[in-house]
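K.L.:
Top line first, the protein sequences correspond to chains B and Y.
Here the first sequence stands for residues 38 to 604, numbered as in this note's numbering.
Here the second sequence stands for residues 44 to 339, numbered as in this note's numbering.
These are calculated hints, taken from the structure and not from any lab test.
Quantities reported herein were computed from a predicted structural model and do not represent experimental measurements.
Do not take every clue at face value.
What the hints assert, rightly or not - Below are the DMTMM-like pairs computed for lysine to aspartate or glutamate, each with C-alpha atoms no more than 25 angstroms apart in a straight line:
#	chain 1	residue 1	chain 2	residue 2
1	Y	K183	B	E67
2	Y	K93	B	E351
3	Y	K93	B	E353
4	Y	K93	B	E336
5	Y	K250	B	E57
Claimed, not checked - Residues from chain Y shown here face chain B by an in silico Cβ test under 8 angstroms; the list is partial:
#	residue
6	T45
7	I55
8	R59
9	A62
10	A63
11	K87
12	R202
13	E204
14	N226
15	E307
For glycine and all other residues, C-beta sits at the position ideal for the given N, C-alpha and C.
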Amino acid sequence: MASVEIGPFPGGSAELRRAEEWLAETAQTELLRFTTAGSVDDGKSTLIGRLLYDSKGVYEDQLASVRKATRNLSTNGLDLSLLTDGLRAEREQGITIDVAYRYFATPKRKFIIADTPGHEQYTRNMATGASTANLAVILIDARYGVLPQSRRHAYIATLLGIPHLMVTVNKMDLVDYREQVFTAIREEFQQFARQLKARDVRYIPISALNGDNVVERGGNMPWYTGPTLLEHLETVPISEDRNLTDMRFPVQYVIRPNLDFRGFAGQIASGVIRRGDAITVLPSGRTSRVKSIVTYDGELEEAFAPMSVTVCLEDEIDISRGDMLVHTANQPHAGRRFEATVVWMNQKPLEAHRPYLLKQTTQTVRARVREIRHRVDIHTLGHQRASQLQLNEIGVVSVEAHRPLFFDAYRANRSTGGFILIDPITNETLGAGMIIGPDTWRPSGPVTPAERLARIGHRPFLVRLVNGDGELARRIERHLFDQGYLVHVIEEPRHFAQAIRTAFAAGLVSVVYGAAAGNAPDAVPANQTVTLDRAQFEDEAALISALMAALGSGPGGNVPLTDGAGI
Amino acid sequence: MTHLRALEAESIHIIREVAAEFQKPVLLYSIGKDSSVMVRLAQKAFYPGKIPFPFLHIDTTYKFQEMIEFRDRFCAEIGVELIVHTNTKAIEEGANPFRLGTQKCCALLKTRALLDALAEGGFDAAFGGARRDEEKSRAKERVYSFRDSFGQWDPKNQRPELWNLYNSRIDKGESIRVFPLSNWTELDVWHYIYLENIPIVPMYFAKPREMVVRGEQLITIEHNMPLRPGEKPELVMSRMRSLGCTYCTGAIRSEADTLPKIIEEMIQFRRSERENRVIDHDQEGSMELKKREGYF
Ligand SMILES: Nc1nc2c(ncn2[C@@H]2O[C@H](COP(=O)(O)OP(=O)(O)O)[C@@H](O)[C@H]2O)c(=O)[nH]1
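Chain B extracted, bound-state conformation (with noise of 0.2 angstroms):
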């Protein structure tokens, strides 16, 4: 590329034909959005500053700055990879590690570039870039071979959904461009990708540096016939690697202008939706047809994913944001319980029973995890038993939502099948989930507290009335039965300590009256007891309402009545 000075513009008619075959020829390009993993030295920065430089997406000032900063002369006297060189500051810095992104275009394709450095934050960052690639390129040092960490690059791709894998050996300079050696790695990686249940993985052999087969065949490796990694990333069919089968669409915005209009707009999730479809929307369970689908630029017939519509229905139904229109022949998984894989993206680990908000499509939802499942040991991909979930740890849970959510298992349908988790406190993103189907795992062994709490919404608890009668004592059951508390009245003192231990156990709320009032059993922690004293409250309504404070429907209570089964 010839360097170009700043001047005047060489005016014609002959430039001006160029800029309409460019626009001609761009009319149909399409995007591709693809992430680069490899450990650090790999040549990750080389490869981008190769694929930026020979495509001709870098600027002159931008080379110019890189010539200037050039110390290891490489081909072209240029040190490609610090054309990527603002994050390498950084990590050297110890500053943030985070996802960078970046441009280039041919006149077959745009590309964006999620790139990600730095291994101490690799999984969070890797699954951020690897949300919306449609292709990973996965490299692997020539000399070194398939390592751990090419393994959990690889893993990560394919949980996150990434359709292809580009399995990219570089540093064949290195290697004197042996066949055998990248044959050898080849076949072990295929070993690993059949494991993964990948859906396509190629391979190449190239070397960043001197650009074999990255843009120019070059003539180094005769032997390998195959595509270079830019004719691949121009012409690997990403079309069909979207879900058009399965018509999801999320309300994400009502609009009304006037009393005629009433429009849906949204995001096709997938799928295509047509003028006169039969549609159900959901939670509602409504049905109707499609009236119109309206758009700026004119009505349109069709419209198909990923486009952004405005729908309108030929019923009025009450519809509003977090609902969905679906086919009413093909619908969603509803309900508030789904497995899920989680990469976890916080300080602070994930943990079961904590409250999370959940954001899936347009919908926003208090959740919280039930049980981690297992952890994903991403060196081995073995399953490790675990407690929490530390950051950069990957882990199977089962989730419960409070409300139900409309959606698909993730490998089936990236957009309805992804979700965030963040804390509701501190407002942080904690965490990405990948949903794996509907929770049917059915718990075996004996029924553990943590199962029974889910079930009945509340802690064990006794209460102790003070000078008060057996008439008193199920006046007060009742009362807390119709609040939703499980409660009996212990009706045989003589038996208090073993009775009071057999309905801890079962997760009751007991009332006990009487002289077995007076004293609390060991068994029962000091949190989990109150004592009420008739001739100390005025009348009756005082006496609840001080027992229902000690329970916790006030601030700071002990055992609050989690509303649904356990949230």
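We have chain B; now place chain Y with the ligand onto it with these hints.
P.N.:
Only chain Y with the ligand this time, still in chain B's reference frame:
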């Protein structure tokens, strides 16, 4: 689906998401080509309804007259509420780029003015037209860029962004800057303006203009810019590549007086657009610094 339609769908999704999830969004309207594209996308997002949030223009009073005329005509035409905010106090105290230098001038007339206007309006989300391909420090910028209650950006404390699921949760006083054009390149913007026939300020098109030639930079002489010894304005066939304040916006020599010619020029020139901005060169990494303080 072509890449521009994919980008368009993504941007519309972002704009609607903000309108749905925030109490009081505002669109930072800078009059430039990126703002023009952003406005078209907002029109598309809510069609046939109106854009449900106002526009905010931070007027440093050092803008080109042609920009202000364009702004008033354009906003009236599309029927949107326009808020114009100026740091009048600083202006009265004599703030100008010649006296203060560009850094300090920008801090007062742009950053401070912006933060004040956002606080005054109680805006919890502000759309900006910045793109990731503009500058190195923007490459890792989020679509939703979180700002603390002082309007400041902490690069270490940004939220991971996956899929198209944006986290809109903030506490009182905090806000989000939203960049719907994050994934657009300069060429995409021009291509889209061409395809969609989007009105832009005429200053983007080349014509003979009075300029001071200073080294490689062409500087306009509006607002009584002090000349250095030996400098005198000359007529130069030129155009603006990006628009800002008169003193800080360098022009480029160009014959491109139509959109295809501008696009043609871009394909050939390949210089990053901010190169012509005086301000970003002031200090190494200056953009990142300014962003931390609350600049866009
Ligand atoms: N011989 C050779 N060296 C390479 C190749 N690709 C990268 N390198 C060198 O490997 C080192 C690390 O490369 P870099 O791109 O910075 O790696 P990153 O850490 O993955 O971004 C640099 O010294 C590069 O010049 C290659 O294909 N062949």
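K.L.:
Which numbered conditions among the earlier hints are violated in the structure presented, ordered from lowest to highest?
P.N.:
Those not satisfied: there are none.
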